[in-house]
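Every number in my numbering is 1 more than the matching position in the sequence shown, counting from 1.
Hints listed in this document are in silico derivations from the structure and should not be mistaken for laboratory results. Small disclaimer: the values here were computed from a predicted structure and weren't measured. Mixed in with the good hints there might be a few duds.
[To be verified] Calculated pairs, DSS-like style, for lysine-lysine (alpha carbon to alpha carbon, straight line, at most 30 Å):
(1) Lys18 - Lys268
(2) Lys162 - Lys139
(3) Lys139 - Lys268
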Amino acid sequence: MYDRPADAMPAPDDFPKGCGPLLASSGYDATPLRQKVFEHVRASGRAARADVTRALGISAGSTTAVTSDLISTGWLREVEGTPRESGRGRPPVALEVVAETHYVIGIKLSDENHTAVLTDLAGNQLADATLPTPPVRKTLDQLLAETEQLIMSLLTPRGMKVREVSAIGIGISGLCDNTSGIVHWSPLMLENDIEFRTAFEERFDVPVHLDNDANVLTLAELWFGAGRSRSEFAVVTIEHGVGMGLVLNNRLYRGTRRMALELGHTKVQLDGALCRCGQRGCLEAYLADYALVREASTALGRNTRNLQSPHAMLETLYGQAQAGNQAALTIFRRAGRYLALGLANVVQLFDPGLIIVSGERMRYEYLYADEVMSETRDLILFNGPPECKIETHAWGDLVWARGAAALALSEITAAALGGQS
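Based on the provided sequences and hints, a complete structural model is requested.
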């Protein structure tokens, strides 16, 4: 089944109650009990102690001891649960996160628009901001200056200072090490092997957690979207580049060097089209924004040196395709075939139950036409039941920033509650 995309990212109030994975990890899980209990309550929105006991498979005594500790240390509080029928006794007591104890910022650094959200400890979005930026590669100092401007535009209207933020999560395209905070290569930056996290923390004096932008979008699905009730799924992103994230057993898979799943830089044509990474034949070079723009300039008879933005060029191309321009239709159909190849390779390699294809470009229906799905099935060696489900989510940039906020929330939770059981 291939679901059509939503028109836009849901408003914050439309997200399911609570945030974070709803399913418990299978097999051995070394996460300390305090952290498990807290994360279960946060994912549920509200939970009675009996619900925690059943969900985690622990004793009532353990639940009472751990929740009492989390209450005394200010992480959880008691509230009235679901009211009983009239005359049936007192409403049951439930637990919820003390949301106002911590605030985090999630940031998506991008080619044309940087975005940011402010959330509390419970994952509620409190504010958002967008900063247009020239679509050119930048130095580290230039990117940090833009990031500072974005953060100030987010916090200043609320009368907040950066020191009131517990952590910042950042998603950036390219090859970056989540553990060391080093950006080895990014299409946004002029330099390679940059110690981004160190430079950021020295400038802002707040902990920062960095990851590939496809990974933070995958976290957004795991924490707020369709992946909450699934233990395994894949996300394929199509925007300025082509990326991929993978969740296994409720956890984001990053690989040995923390730089796994660069689907856009898998090779689909030896000595093929030039990719922005400098190599040839990458999937991204046939499917990403700049690949479509490169062909659009010829199809539309535009000067490649003109100042029309890639976004404007793509909108023009899309309009021409809808009007029946055969050259424009050919460009989208060719991109759709390469998307089918990429999706088939994901199914063949990882056998996920669900692939979420996300990104603003999924507004272009030619990329998820029936022909694309048919070709995907034809390229898979065995496509028997149950068939891999493919969904499209055409959410805007803020969902990426929400995923970066989830990264920050996950890190501060683990740091505070992960050292004890």
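Status of each hint after checking the structure:
| no. | hint | in the structure |
| --- | --- | --- |
| 1 | Lys18 - Lys268 | violated (41 Å) |
| 2 | Lys162 - Lys139 | holds (26 Å) |
| 3 | Lys139 - Lys268 | holds (27 Å) |
Of the hints listed earlier, the one the structure fails to meet is number 1.
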